[in-house]
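Once you have looked at the hints, place chain B with the ligand on chain A.
These are the residues of each chain, in order.
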Amino acid sequence: MAEPITYLEAIRQGLWEEMERDRRVFMLGEDIGVYGGAFKVTKGFLEKFGKERIIDTPIAESGIVGAAIGASLMGLRPVAEMQFIDFIACAFNQITNFAAKSRWRYGAGVPIVIRGPAGGGVRGGPFHSQNPEMYFVHTPGLKVVAPGTTYDAKGMIKAAVRDEDPVIYLEHKYLYRLPRIKEVLPEEDYTVPIGKAAVRREGTDISLITYGSMQLHCLDAAEALDKEGVSAEVIDLRTLLPLDADAIEATAKKTGKVLIVHEDTRTGGIAGEVTSLINERAFEYLDGPVLRVTSPDAPVPYSAALEDFFLPNTQKVMDAARKLAAY
Amino acid sequence: MSKAARKESRRKQPPGARTAPEARPAKGLSPDKQLDIYYYLKLNRMVEERLSALYRQGKVQGGLYGSKGQEAISVGSAYALAPQDVLAPMIRNLGAMLVRGVKPVEFFLQYMQKEGSPCKGRDTSLHFGGIDRGFVPPISPLGTLVPVLTGVALAGRMLGRKLVAMTYIGDGATSTGDFHEGMGIASVMRLPLVVIIENNRWAYSTPVAAQSLLTDLAEKARAYGIPQGVVDGNDVLAVHEATESALDLARQGKGPVLLEAKTMRMRGHSEHDDAWYVPEEERRFWEKRDPIALYEKRLVDQEVATPEELAAIVERCTSEIDRDLAVAEAAPSPRPESCIEDIYAPLADPGSEEAAPKTPASARRS
Ligand SMILES: Cc1ncc(C[n+]2csc(CCOP(=O)(O)OP(=O)(O)O)c2C)c(N)n1
Numbered sequence: 001m002a003e004p005i006t007y008l009e010a011i012r013q014g015l016w017e018e019m020e021r022d023r024r025v026f027m028l029g030e031d032i033g034v035y036g037g038a039f040k041v042t043k044g045f046l047e048k049f050g051k052e053r054i055i056d057t058p059i060a061e062s063g064i065v066g067a068a069i070g071a072s073l074m075g076l077r078p079v080a081e082m083q084f085i086d087f088i089a090c091a092f093n094q095i096t097n098f099a100a101k102s103r104w105r106y107g108a109g110v111p112i113v114i115r116g117p118a119g120g121g122v123r124g125g126p127f128h129s130q131n132p133e134m135y136f137v138h139t140p141g142l143k144v145v146a147p148g149t150t151y152d153a154k155g156m157i158k159a160a161v162r163d164e165d166p167v168i169y170l171e172h173k174y175l176y177r178l179p180r181i182k183e184v185l186p187e188e189d190y191t192v193p194i195g196k197a198a199v200r201r202e203g204t205d206i207s208l209i210t211y212g213s214m215q216l217h218c219l220d221a222a223e224a225l226d227k228e229g230v231s232a233e234v235i236d237l238r239t240l241l242p243l244d245a246d247a248i249e250a251t252a253k254k255t256g257k258v259l260i261v262h263e264d265t266r267t268g269g270i271a272g273e274v275t276s277l278i279n280e281r282a283f284e285y286l287d288g289p290v291l292r293v294t295s296p297d298a299p300v301p302y303s304a305a306l307e308d309f310f311l312p313n314t315q316k317v318m319d320a321a322r323k324l325a326a327y
Numbered sequence: 001m002s003k004a005a006r007k008e009s010r011r012k013q014p015p016g017a018r019t020a021p022e023a024r025p026a027k028g029l030s031p032d033k034q035l036d037i038y039y040y041l042k043l044n045r046m047v048e049e050r051l052s053a054l055y056r057q058g059k060v061q062g063g064l065y066g067s068k069g070q071e072a073i074s075v076g077s078a079y080a081l082a083p084q085d086v087l088a089p090m091i092r093n094l095g096a097m098l099v100r101g102v103k104p105v106e107f108f109l110q111y112m113q114k115e116g117s118p119c120k121g122r123d124t125s126l127h128f129g130g131i132d133r134g135f136v137p138p139i140s141p142l143g144t145l146v147p148v149l150t151g152v153a154l155a156g157r158m159l160g161r162k163l164v165a166m167t168y169i170g171d172g173a174t175s176t177g178d179f180h181e182g183m184g185i186a187s188v189m190r191l192p193l194v195v196i197i198e199n200n201r202w203a204y205s206t207p208v209a210a211q212s213l214l215t216d217l218a219e220k221a222r223a224y225g226i227p228q229g230v231v232d233g234n235d236v237l238a239v240h241e242a243t244e245s246a247l248d249l250a251r252q253g254k255g256p257v258l259l260e261a262k263t264m265r266m267r268g269h270s271e272h273d274d275a276w277y278v279p280e281e282e283r284r285f286w287e288k289r290d291p292i293a294l295y296e297k298r299l300v301d302q303e304v305a306t307p308e309e310l311a312a313i314v315e316r317c318t319s320e321i322d323r324d325l326a327v328a329e330a331a332p333s334p335r336p337e338s339c340i341e342d343i344y345a346p347l348a349d350p351g352s353e354e355a356a357p358k359t360p361a362s363a364r365r366s
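Respectively, the protein sequence lines represent chains A and B.
With the first letter of the first sequence counted as 1, position 323 gets the number 323 in our numbering; the numbers rise by one all the way through.
With the first letter of the second sequence counted as 1, position 339 gets the number 339 in our numbering; the numbers rise by one all the way through.
The shape of chain A in the complex, shown without the other chains:
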């Protein structure tokens, strides 16, 4: 029988299979070849696919993404790695101005994937823990995905590689080797569609809408709430752009009480967008205000004591959920 694998291994397998399946797929990034990537996502790729398809680049994120765009215009399928997603900031212009607008301006799609480790909880501090999703969610033409399970990690990287548009694929580094989310994956080829949320737990009293590593806190909170007689539904958005508006509407109408939980900071976070969507589509069904649990509006701090205070956790989700359930 197949062994359960980690989230990181799932990403690795997905990329590996896509490279085997399609000769047009290639990867570029810093230290991805000989070293196998800072987190070992591309370990063994150089030996298998050769240096024509596994390209170690100089430290030049704007150059990496620009080159990926150019190659994609020529019909190839580049996957660019940001060593830490924080450094995607250096490539902002290429992503938001060139890649995102190409199809709309002159009809040429830019099928590239930009992937890298995002998120906190690993004591990485302000430059190695960021959640950059909203810079890109605000940019029409991009797709932004943030898988939170091992199954999705593989299925979504494969979907991203096959997608005709530029996809920002955010891997949560806290999940990389987390034993709790190891999974046995199907032997056969599968993808997880971009743009579709998943119901992780059915419930009737309250909805917890989340994504990424925060769904673990939501699931734990849901378990605990169950013992208190509150039935919580947990929705994993998975894709942040485009949002699965139907799934959000459905759960809001079903429970009438929505709590949105994300690790990203509060102001301008996806929770604001989801709240508006619920107001527009399901206002009459609400039995309480839409609430949110997020990180506060500050950079991610380094020290364990500070980071633990900063990040959302099960307790914070429970507190907000109880408050909402009481309406």
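If you're looking for bench data, these hints aren't it; they were derived computationally from the structure.
The structure presented is a predicted model; accordingly, all values stated were derived computationally and were not measured.
Be careful, since some hints might not be right.
Stated by the list, open to error - Each computed DSS-like pair below joins lysine-lysine, with the alpha-carbon atoms no more than 27 Å apart: (1) B:K68 / B:K297; (2) B:K288 / B:K68; (3) A:K323 / A:K254; (4) B:K288 / A:K40; (5) A:K101 / A:K227; (6) B:K297 / A:K40.
For chain B with the ligand alone, coordinates are given in the frame of chain A:
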């Protein structure tokens, strides 16, 4: 050496390596200053060794980026700065910070994320300092400091101060766009900026040859029409001298200078990395060129100090480190909720004195 012999000896060396410097008298540096330099070199290494032990005990969080084998660049260059100059260190320039007055206790507090650490537990490594202390603190994204120091140099000129802005950049980071954009602006404006390329041959696992086709990265200066220099980064006095010349040129208004110091990173990229990708032969070659050992030998050979006198300096380093580490170990953790403070300046009544924009005295025109 005959031409053939030279060629042969070059063949045996890893590319980019230079042979050991001829022992020559230190130009213009008194024996006291030479020993001062020794003290900083040694302190640099010993503080890092202690940090590395703390890391193994799980007391240091996150990355620990050492400078073993590169200490001569930090110390030699920073020692050439004038008090009014502004320095932006990079993650491997702990020695430069020591020279400019940072005490070991600050590194210990910072790396162990204690209350009273320079960044209040919010950021780590050498990401601290402040313009009031003559530093611009680095951030992790590489290359960013070059344009920022361009602005420091510009303001120095606008404010009528005879300062030079100086920073370091790795061989890898010379590939970033920011590096080039900063050099571009600084050159056409002829700003007093000195950028030292710390070419330690490896950017994480990427060898310098995969970063650039140039043999000397200082050649990048040609793109900007500015002066360049190459120096043996394992020879502290040579680094000091070359930096002094670069600072002089910059101070004279000749514009920015690009100086390349050749060295080798003698440990992993960070503490977790055992640098398995570095060829054994290359590592061994550079081990013989330890900048501190070379300098010790020179000081003794030239009778600047006896081995006993050097040992006394080491003793002084040990006791300073012991004392500072004890202070840091005893310090508590920062208040958790402090991480959401200081995002903005305190609100002031827009009509009040405090709210008036502060203009440095020398920038005011009457
Ligand atoms: C813009 C950016 N991209 C990637 C990284 C990740 N990273 C950190 S250090 C490093 C290698 C740096 O090499 P180099 O500039 O030669 O300096 P060295 O570490 O050798 O001193 C990389 C790729 C980063 N910090 N910033």
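Here is what the structure says about each hint:
1. B:K68 / B:K297: Given pair B:K68, B:K297 holds - Cα atoms ~18 Å apart, limit 27 Å.
2. B:K288 / B:K68: Holds, at about 13 Å.
3. A:K323 / A:K254: holds, 19 Å
4. B:K288 / A:K40: Distance of about 32 Å is beyond 27 Å: violated.
5. A:K101 / A:K227: violated, 50 Å
6. B:K297 / A:K40: violated, 42 Å
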